[in-house]
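Enquirer: As a plain string of letters, each chain reads:
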Amino acid sequence: GNSVTQMEGPVTLSEEAFLTINCTYTATGYPSLFWYVQYPGEGLQLLLKATKADDKGSNKGFEATYRKETTSFHLEKGSVQVSDSAVYFCALSGLNQAGTALIFGKGTTLSVSS
Amino acid sequence: GAGVSQSPSNKVTEKGKDVELRCDPISGHTALYWYRQRLGQGLEFLIYFQGNSAPDKSGLPSDRFSAERTGESVSTLTIQRTQQEDSAVYLCASSQRGGIETQYFGPGTRLLVL
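Going down the list, the sequences are from chains A and B. Letter by letter, the first sequence follows residues 32 to 145 of my numbering. Letter by letter, the second sequence follows residues 414 to 527 of my numbering.
With the rest of the complex left out, here is chain B (with noise of 0.2 Å):
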């Protein structure tokens, strides 16, 4: 079946635009997961679903990021007034059930503020 997919794969936007990115998980999967990846660093955490609420939102950097799920289903993340420190890859996966089950991640969108 369709593995997680995002969109879109590369953003170039000015600093203080609003973006927005999409992740549609793997279909049945009720956990959401997005991560960023900034150049050189490891995968930080943003925010985890089940479902359509998000219990845990402890990675979100800033209150210029929010995140919404309808569902089960597609998520999208959104960074106002974008800094160029926000440039970074921005990572989703999706597991069955959460916990320690496998999370299958998408390939990303690059994210490019100057």
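Extracted from the complex, chain A is given alone in its bound form (with noise of 0.2 Å):
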């Protein structure tokens, strides 16, 4: 069935560090590609998506790209602030009867000290 698989936390860095948060998913078809994100206290949002293969998603300098052949979508940023400390959670469009429910991974925390 359709699964995410992404890295275990908690990732700590300090500021201005580069991050690399690894995804890779399990799919039939051609699914959606998600990272939302979940600040302290906050509901989870979404961070960026990507509709097919070798699309990249951005926002807010984080980054990723839809690897078809390694089936990944890992989340980059090229340096980290202390604001970005938050669960970041990658998903996949569920691709399910309704094709709309998201397969979740299990999230990944970060915290950036200063």
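Keep in mind that the hints were calculated from the coordinates and are not lab data. Among these hints, one or two may not hold up.
Partner residues aside, some chain B positions facing chain A, computed with beta carbon under 7 Å [unchecked claim]:
(1) Gly429
(2) Gln454
(3) Leu456
(4) Gly511
(5) Ile513
Treat the numbers as computed from the prediction; the structure is a model and nothing was measured. Glycine included, each C-beta is placed from N, C-alpha and C at the ideal position.
Combine both chains into one complex, guided by the hints.
Expert: Here you go:
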């Protein structure tokens, strides 16, 4: 079945460090891929998405490229800030009968210190 | 405009009692989703509504779980005869039409079954 695997955290970085959070997926068909972020005390919000192979989603300095050949959608940021501390979830569109439910990874906690 | 709202924000109940969780989606959004997040786990899809019909209930874990939606408005998730394993954060999301459109999440209801 469809599934998402993301690297376990927590990930602890110093400000201005380079960030990579790995995400790989298993899916039949051609899912859309998403990264959601949950800041402390807030609800989940969409960070970026890509709907087809080789698409690059980007937002707030974060980027992720939809790689069909490696079934991956790794999240990257060149220089993290303390305000990026949050839990990051990789997800794909569920390809169920309604084609709409999201399948999430378990989440990766990022902690950035100054 | 207002985002997705959920109530109550926290609920503590005793094993065996019924609970009702409420979700108010963004006005005009026809698609509504319920997810569950147990501690240390990713989000699990429960049920999807398009308008007031539920074409996908595949994620409901048992017949103790049910959900309704009034038109394209409020939805309630009911858990009967709660068990300790039902303890989780229950998240509601809505999107304009479903499909691969962005889902907007509410802050969740944290349910604790003693």
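Enquirer: Any hints this thing doesn't respect? Which numbers, in order?
Expert: Structure breaks hint 1 only.
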